[in-house]
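J.: What follows is each chain in one-letter form.
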Amino acid sequence: MSMTKGRKQRKNKKLLLNWQIGGEAGFGITVAGQMFSRMCARAGYFTFDYSEYPSLIRGGHNTYQVAVGIAPVRAAYAAVDFLICLDQETWRKQQETLAYSAAVVYDSQYVKIPASVARRKKLTLYPAPLEDIARRYENPIMRNVVALGMAVQLLGLDFALLRSVVKTAFGDKGESVVDLNMQVAQAGAAVVGARRFRRFPAAKAKKRALMVIDGNTALSYGAIRGGVQFYAGYPMTPSSSILSTMAKNARHYGIVVKHAEDEISVINMGIGAGFAGARSMVATSGGGFALMSESLGLAGMTEVGVVMVDVQRPGPATGLPTWTGQGDLRFVLHTAQDDVPRIVLAPGDPEECFFLAAEALNLAEEYQTPVILLSDKLLAASASSVLPFDERRVKIRRGKLMKQSRLRAGAEFARYTDTADGISPRTIPGMRHGMFVANSDEHNVHGLVDETAAMRTLQHAKRLRKLATYAKTIPEQRCYGPRDAAVTFVGWGSTKGAMLEALEQMNRGRVKANFLHITHIHPFPIQSVARQLKHAKRIVGIEGNATGQLAGLLRERTGIAVNAMFLKHDGRPFYPSEILEFFQRYVSKK
Amino acid sequence: MSAKSEQFETALNPSWCPGCGDWAIYRALKTVFTELDLRQENIAIAYGIGCSGNLASYLNVYGFHGLHGRPLPVAAGMKMANHRLTVLAAGGDGDGYGEGIAHFIHQMRANQDITYIVFDNQVYGLTKGQVSPRGQKGYRSSTTPDGVIEEPINPIALALANNATFVARTFAIDFLHNISVLKRAIRHKGFSLVNIIQPCQTFNHLNTQHYWRQRVYRLDDNPQHRTDDKMYAMEKAFEGPDPKYPIGIFYQEQRKSYEDELPQLSKKPLVQQKPEGRSVRRLFSSLQ
Chain A
1 MSMTKGRKQR
11 KNKKLLLNWQ
21 IGGEAGFGIT
31 VAGQMFSRMC
41 ARAGYFTFDY
51 SEYPSLIRGG
61 HNTYQVAVGI
71 APVRAAYAAV
81 DFLICLDQET
91 WRKQQETLAY
101 SAAVVYDSQY
111 VKIPASVARR
121 KKLTLYPAPL
131 EDIARRYENP
141 IMRNVVALGM
151 AVQLLGLDFA
161 LLRSVVKTAF
171 GDKGESVVDL
181 NMQVAQAGAA
191 VVGARRFRRF
201 PAAKAKKRAL
211 MVIDGNTALS
221 YGAIRGGVQF
231 YAGYPMTPSS
241 SILSTMAKNA
251 RHYGIVVKHA
261 EDEISVINMG
271 IGAGFAGARS
281 MVATSGGGFA
291 LMSESLGLAG
301 MTEVGVVMVD
311 VQRPGPATGL
321 PTWTGQGDLR
331 FVLHTAQDDV
341 PRIVLAPGDP
351 EECFFLAAEA
361 LNLAEEYQTP
371 VILLSDKLLA
381 ASASSVLPFD
391 ERRVKIRRGK
401 LMKQSRLRAG
411 AEFARYTDTA
421 DGISPRTIPG
431 MRHGMFVANS
441 DEHNVHGLVD
451 ETAAMRTLQH
461 AKRLRKLATY
471 AKTIPEQRCY
481 GPRDAAVTFV
491 GWGSTKGAML
501 EALEQMNRGR
511 VKANFLHITH
521 IHPFPIQSVA
531 RQLKHAKRIV
541 GIEGNATGQL
551 AGLLRERTGI
561 AVNAMFLKHD
571 GRPFYPSEIL
581 EFFQRYVSKK
Chain B
1 MSAKSEQFET
11 ALNPSWCPGC
21 GDWAIYRALK
31 TVFTELDLRQ
41 ENIAIAYGIG
51 CSGNLASYLN
61 VYGFHGLHGR
71 PLPVAAGMKM
81 ANHRLTVLAA
91 GGDGDGYGEG
101 IAHFIHQMRA
111 NQDITYIVFD
121 NQVYGLTKGQ
131 VSPRGQKGYR
141 SSTTPDGVIE
151 EPINPIALAL
161 ANNATFVART
171 FAIDFLHNIS
181 VLKRAIRHKG
191 FSLVNIIQPC
201 QTFNHLNTQH
211 YWRQRVYRLD
221 DNPQHRTDDK
231 MYAMEKAFEG
241 PDPKYPIGIF
251 YQEQRKSYED
261 ELPQLSKKPL
271 VQQKPEGRSV
281 RRLFSSLQ
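Each protein sequence line maps, in turn, to chains A and B.
For what it's worth, the working numbering labels the leading residue of the first sequence as 1, then goes sequentially.
For what it's worth, the working numbering labels the leading residue of the second sequence as 1, then goes sequentially.
Chain B on its own, in the form it takes in the complex:
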């Protein structure tokens, strides 16, 4: 780690289990911020609740460690208030696809220039390993001792169907690939989803690092891979995890961001506009 990336560290030592994928994501983010030459004070991250959310205490940027399932609307509010900030939302798959699923769906429709990072380990880690909406059918956990009946949620397909303009999946352990995708996600002007497969060493003994290493492959290893074809991307979204599970950028398009379509923000961010000096006399006149 270079001295430059150290600026993104707080004084607190992360408390994640040894071997947790969160360590790799943490390192990746520090590298990404450094390589993108971002200033700490211009980064604002909204975190959910879970092991992933604890990242809030380790990254030295403006952070908001909010409620379980709710980083997305907080990030949305931050971005509308100051669209010059680099805004991220970060949370787990239980947080984002369980508790927070409504915000996930509606946020994508808006295309705010926010990067949403989902730490996908198919369980609720911090509460000790219950199956999450990403758990495969039959997964046994303390709340589903006979195997979960539901099929897993497919966030990539949901994102594609719902007008997201940047849709990606990565694997925390493919460190360099993850950095490359995260950089592109943050640079993308519009809503970016990066669903990071991140093995939970302690509670998920099925979908281990080894399990995923056998299955993941990079989409852009194929020279024919394209990111401008939604139907092709949708086919890829339904691929795997057996026998192979694609990682990389499924789809990307340029569309005006939500903030670009707010004339109120065309000259200055909201927080740089003065709240003083507004007269409502003309409004009173309209009621006379």
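Bound-form chain A, shown alone:
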């Protein structure tokens, strides 16, 4: 099966199918896609989902893609070899992405496919009056289920498995709804009859063991496991599902979840809760983060730990709300006036989202400073199948939280006392003999306003020293691929997935490549990165922004300049095929 648009490439042995359904918003694209993905995962196959949609509730053009493999798939692939078109627009937009010998299921009433194109690409066409069939069951909206039934039949998949995912999706609406969906799916299957498009080999993973999880869900679950107690948020694409996931689980886990009136309220509530002793987190996207800037400084100044999540999307301003990008790196590093100590982490897949969210809560309380988690739409909204994470790896750490027994009458508690590591012991309201003022003004060791040169110097240096303390604990950054590589890619965040997929292809050839994935952005892991790049021959920075922000940071911090940059800022993810093409062009140049 070819990986690029119509050109024959070396076969990707692990990928069984790159499936896509497209139609108008409101046609149930996401539901159908998620059901297909979950079905495959329950059968023991590995999946990677990717969805595109404009910022609309109805109309527009939505697609949901599922890459199915017999080994973990970590990225979306460009070439589609099973396409379901519920409308003409899907055919118009997606025909260029079709691989040779692809299958196209489509609504014969609304979609016209030119015979010449079908011939040129050797397509197998499966037209059916999808909406009409659905109307027979008095539900034209179920055209997506008709198509799903056709897909299941064409791929020789198990209808009992389809029933199980339908039950998971609609079970709470009653058995009759599940039955109706199955009838509609079977009607689709009847159109296909005995024809088969492809058969999957036996699955390698244990059936039902894989969970299908996206980055936002993983991040939320990691925060829950990591002991988040207070969560505040304001809906902003692509971060909103964190707020709804937290709200859904609030009662069960004893978390207070607040949907506040604006992002400034969100972060200040988070800081107030943190000051009062709760483990606190907020999430938003770039625009909301911008509103939180001054308050980020407040948290740094008052030494209150809060986790702040920025799920990126392209800007500037409203930008591309439903698309992906990595343009906020410099922004989160520097925002807020003067030097505000902060920690910045950037997970690259759902597993890292889970563990880094929990770790971020620990770091926020230990270092008493804002901890920023960078994610993006691709990571947040792309579900992939993976074995459940080992939650036992998560431990809760609370830092220098004072015990009541150690507080004495008489002596005024010095909340901001100078220490070697920069971290001062803290009390929380309710503790006797522990009073202090958390002050956004420069302050003395008790938190009272103090503008003297000596105290300013002491406090400012103390706050910044915390980062130097933390920097010593930053784990080794991971480099994937062979040590002896002609090209070393350097990147961060969700680029990990496409890079790992591309590396599999690249390293089948003679010329090798590896990939340094930086998850701990700030303080920058200078020694670890310098060590990893010491023997690199040619370095390529790969990231989803126009100016190579990580490459710039790398040079600033280590003196190491990349030799080339592969940048993308069109709102779409990196595809393994385009990384492969870049690599082939790059190594053929001297």
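Do not take every clue at face value.
Calculated cross-link-like contacts (lysine to aspartate or glutamate; reagent style DMTMM-like; alpha-carbon spacing at most 20 Å) [claimed, not checked]:
| # | chain 1 | residue 1 | chain 2 | residue 2 |
| --- | --- | --- | --- | --- |
| 1 | B | Lys128 | A | Asp441 |
| 2 | A | Lys512 | A | Glu581 |
| 3 | A | Lys534 | A | Glu556 |
| 4 | A | Lys206 | A | Asp390 |
| 5 | A | Lys512 | A | Glu556 |
| 6 | A | Lys93 | A | Asp158 |
| 7 | B | Lys183 | B | Asp228 |
| 8 | B | Lys4 | A | Glu556 |
| 9 | A | Lys121 | A | Glu89 |
| 10 | B | Lys189 | B | Glu253 |
| 11 | A | Lys403 | B | Glu276 |
| 12 | B | Lys274 | A | Glu391 |
| 13 | B | Lys137 | B | Asp242 |
| 14 | A | Lys204 | A | Glu138 |
| 15 | A | Lys248 | B | Glu261 |
| 16 | A | Lys400 | B | Asp242 |
| 17 | B | Lys267 | B | Asp242 |
| 18 | A | Lys13 | A | Glu391 |
| 19 | B | Lys230 | B | Glu253 |
| 20 | A | Lys395 | A | Glu351 |
| 21 | A | Lys395 | B | Glu261 |
Derived DEER-like restraints, expressed as beta-carbon distance ranges [as the list claims (entries may be wrong)]:
| # | chain 1 | residue 1 | chain 2 | residue 2 | range |
| --- | --- | --- | --- | --- | --- |
| 22 | B | Leu36 | A | Ala411 | 23 to 31 Å |
| 23 | B | Gln214 | A | Lys403 | 51 to 59 Å |
| 24 | A | Arg508 | B | Ser285 | 32 to 40 Å |
| 25 | B | Arg39 | A | Ala461 | 32 to 40 Å |
| 26 | B | Ser285 | A | Ala564 | 41 to 49 Å |
Read the hints as simulated data drawn from the structure, not as lab findings.
C-beta atoms are modelled at their ideal positions from N, C-alpha and C, and glycine is treated no differently.
Once you've looked at the hints, dock chain B against the given chain A.
T.: Just chain B now, kept in the frame of chain A:
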């Protein structure tokens, strides 16, 4: 000042101008805390930025001196994290009705058990006397040399319209009345607004102590005054400042506080619940 109220003083001497209404409010609060028999460690106050916010350095309780316009969400976070604390928010009228107006509106809807004290002097004192949203039409200041065009904001009417369950206005110089109202405000279970008229001796030469003494009168001097009638309260909210300006409790109702409606907090405050030991395996199973 009794020895008991001295416990609420820090080592710092207040830096307010002589004659500033903030001195009177400071004294009143110390008296109120003492008379309510509150423990220092159980009081948490979120302050805004302004002359009023400097109170943070003079009161010996847990304090959070935050950003201009933002004491209310900080107070909200504190209260949700530990609803057994006595939580106050304190700030000026510029801070609260200018920069922080959105938080004011939405906080009242929630009815968290917080007391919001607004130091209302109709100017921005700390930045040298520019007109605030409470300034009367025509007020001349450095930013409005030809007289401000806008009409003043009416926080009492806003509070009444927006479901606040305790709405009061006081005058800092009517010291005993202020103490009495503040005590009731703090005891009230739910959101309490106390808008304290507090003359700025240094910058506001129009709305002086004398100006207000001529106009303020106590609502409960009238035996017919009632605090359970919102429409009547609204009429009072539009009264004055000329010829007379009512002070006292306009309206009070009992309604469940926000925290009372959070089942997560029914047994213990959030900060007394352990963050450890939560399993998410059941959540993973739901994704299989």
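J.: Each of the hints needs a verdict: does it hold here or not?
T.: Hints, one by one, checked against the model:
1. Distance hint between B/Lys128 and A/Asp441 is fulfilled; the C-alpha atoms sit about 18 Å from each other, no more than 20 Å.
2. Restraint check for A/Lys512 and A/Glu581: the C-alpha separation of about 14 Å stays at or below 20 Å, so the hint holds.
3. Pair hint A/Lys534 plus A/Glu556 holds up; C-alpha atoms about 16 Å apart against a cutoff of 20 Å.
4. This hinted pair checks out: A/Lys206 and A/Asp390 have alpha carbons roughly 17 Å apart, not beyond 20 Å.
5. Distance check on the hinted pair: A/Lys512 and A/Glu556 sit about 28 Å apart at the alpha-carbon level, beyond 20 Å; violated.
6. Annotation: proposed proximity of A/Lys93 to A/Asp158 is violated, straight-line Cα distance about 31 Å (limit 20 Å).
7. Of the pairs offered as hints, the one joining B/Lys183 and B/Asp228 holds, with about 18 Å between alpha carbons and a cut-off of 20 Å not exceeded.
8. Straight-line distance between C-alpha atoms of B/Lys4 and A/Glu556 comes to about 57 Å, which puts the hinted pair past the 20 Å bound.
9. Between the alpha carbons of A/Lys121 and A/Glu89 the distance comes to roughly 19 Å, so the proposed pair stays at or under 20 Å and holds.
10. At most 20 Å may separate the alpha-carbon atoms for a hinted pair to count; B/Lys189 and B/Glu253 meet this at roughly 9 Å.
11. Distance check on the hinted pair: A/Lys403 and B/Glu276 sit about 17 Å apart at the alpha-carbon level, within 20 Å; holds.
12. Between the alpha carbons of B/Lys274 and A/Glu391 the distance comes to roughly 17 Å, so the proposed pair stays at or under 20 Å and holds.
13. Annotation: proposed proximity of B/Lys137 to B/Asp242 holds, straight-line Cα distance about 13 Å (limit 20 Å).
14. Taking the CA atoms of A/Lys204 and A/Glu138, the gap is about 40 Å. The hint is violated against a cut of 20 Å.
15. The straight-line distance between the Cα atoms of A/Lys248 and B/Glu261 is roughly 16 Å, inside the 20 Å bound, and the hint therefore holds.
16. Distance restraint check for A/Lys400 and B/Asp242: the Cα-Cα separation of roughly 56 Å exceeds the 20 Å cut-off, and the hinted pair is therefore not satisfied.
17. With a C-alpha separation of about 50 Å, the suggested pairing of B/Lys267 with B/Asp242 is violated against the 20 Å cut-off.
18. For the hint linking A/Lys13 to A/Glu391, the alpha-carbon distance of about 32 Å lies beyond 20 Å, and the restraint is violated.
19. Taking the CA atoms of B/Lys230 and B/Glu253, the gap is near 9 Å; set against the 20 Å cutoff, the hint holds.
20. Between A/Lys395 and A/Glu351, the direct Cα distance comes to roughly 16 Å. Compliance with the 20 Å bound is thereby established for this hinted pair.
21. For the suggested pair A/Lys395 and B/Glu261, the alpha carbons sit about 31 Å apart, so the restraint of at most 20 Å is broken.
22. Between B/Leu36 and A/Ala411 the Cβ separation comes to about 26 Å, which falls inside the hinted range of 23 to 31 Å.
23. Between B/Gln214 and A/Lys403 the beta carbons are some 56 Å apart, a value that agrees with the proposed interval 51 to 59 Å.
24. Against the hinted window of 32 to 40 Å, the Cβ-Cβ separation of A/Arg508 and B/Ser285 comes to about 37 Å, which satisfies the hint.
25. Between B/Arg39 and A/Ala461 the CB atoms are about 35 Å apart, so this pair conforms to the stated range of 32 to 40 Å.
26. The given range of 41 to 49 Å is respected by B/Ser285 and A/Ala564, whose C-beta atoms sit roughly 45 Å from each other.
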